[in-house]
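So the protein lines, in turn, are chains A and B. Position one of the first sequence corresponds to residue 1 (our numbering), numbered consecutively onward. Position one of the second sequence corresponds to residue 1 (our numbering), numbered consecutively onward.
Note that these hints are calculated values from the structure, not bench results. Just to be clear, a hint being listed does not mean it is correct.
Each pair may be met inside one copy or between any two copies, as identical chains are not told apart.
Below 20 Å or equal to it, Euclidean Cα-Cα: the simulated PhoX-like pairs (lysine-lysine) are [to be verified]:
| id | residue 1 | residue 2 |
| --- | --- | --- |
| 1 | K11 | K120 |
| 2 | K25 | K67 |
| 3 | K120 | K106 |
| 4 | K120 | K7 |
| 5 | K120 | K40 |
| 6 | K148 | K7 |
| 7 | K27 | K148 |
| 8 | K148 | K25 |
Number of protein chains: 2
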Amino acid sequence: MVEAEEKGALKARLLHGEVVRTSHKEKAEARVGRIHARAKEALLAFRPEALAVEEQFFYRQNELAYKVGWALGAVLVAAFEVGVPVYAYGPMQVKQALAGHGHASKEEVALMVRSALGLKETPGPSHLADALAIALTHAFYARLGAAKPL
Amino acid sequence: MVEAEEKGALKARLLHGEVVRTSHKEKAEARVGRIHARAKEALLAFRPEALAVEEQFFYRQNELAYKVGWALGAVLVAAFEVGVPVYAYGPMQVKQALAGHGHASKEEVALMVRSALGLKETPGPSHLADALAIALTHAFYARLGAAKPL
Numbered sequence: 001m002v003e004a005e006e007k008g009a010l011k012a013r014l015l016h017g018e019v020v021r022t023s024h025k026e027k028a029e030a031r032v033g034r035i036h037a038r039a040k041e042a043l044l045a046f047r048p049e050a051l052a053v054e055e056q057f058f059y060r061q062n063e064l065a066y067k068v069g070w071a072l073g074a075v076l077v078a079a080f081e082v083g084v085p086v087y088a089y090g091p092m093q094v095k096q097a098l099a100g101h102g103h104a105s106k107e108e109v110a111l112m113v114r115s116a117l118g119l120k121e122t123p124g125p126s127h128l129a130d131a132l133a134i135a136l137t138h139a140f141y142a143r144l145g146a147a148k149p150l
Numbered sequence: 001m002v003e004a005e006e007k008g009a010l011k012a013r014l015l016h017g018e019v020v021r022t023s024h025k026e027k028a029e030a031r032v033g034r035i036h037a038r039a040k041e042a043l044l045a046f047r048p049e050a051l052a053v054e055e056q057f058f059y060r061q062n063e064l065a066y067k068v069g070w071a072l073g074a075v076l077v078a079a080f081e082v083g084v085p086v087y088a089y090g091p092m093q094v095k096q097a098l099a100g101h102g103h104a105s106k107e108e109v110a111l112m113v114r115s116a117l118g119l120k121e122t123p124g125p126s127h128l129a130d131a132l133a134i135a136l137t138h139a140f141y142a143r144l145g146a147a148k149p150l
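Take the sequences, apply the hints, and build the full model.
Next comes the structure, spelled out in structure tokens:
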């Protein structure tokens, strides 16, 4: 969860960061239900203007696509219930927004995330850093009037 | 929603059948949110012992797998919230359970659905008939102590 400045250089404050871990020992509905409950809780606590997710590209892994879809479905239910619009950005758009060019390395993106949030270290784990990059990417495009709904 | 006899030939009563239709003009979160809300409402109204879904197989269609996954995620959230365990069966298991052999035609399966539910016509649309076949398949395996959790 980040709060972005409306103008000027891309600056934002990190309000909340969380990774929901599930175990393959849990039943599917419990894993998905827990993702929904945590997402809804954070949305209710912070009432953000937008929720941004990573646009997914799957090549051969249908089974993975299907199961990642379950988790996104749970997050979409939470967004709908709390009334938060959902946006999605792909890796190229993240690189473009944060590093200024589509061929930026993971390190360049991480550096820009740290810099925009005024942090000394890249927030971990890497899933959280990725989520923050997506959030900042949305802030970047929203300020340009070019937000990209899912 | 069906209520199955616990013993004897597979017989069940149709309590409720519903197809949730969404439009591609709706936002993704509204479509998924509505699927969740309708599923939860039906689960709360009938408090079933189990929710059975179709096991999905995707070959080349990753994009489809991902989006069908969103809808299943919404249903899993509802099942988790209401405390209903989820089971899944593939097409072969449906044919085996309802027609007694894995090479049954769609017509044979439809005939068995009508017969088990004591109906004169196959309930439409076809998505509803498919859902009822899955529900009856779960009843069949559950009676054998062979229910298949998702």
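Which hints, by number, does the structure contradict?
Hints 4 and 5 are the ones this structure does not satisfy, whereas the remaining hints hold.
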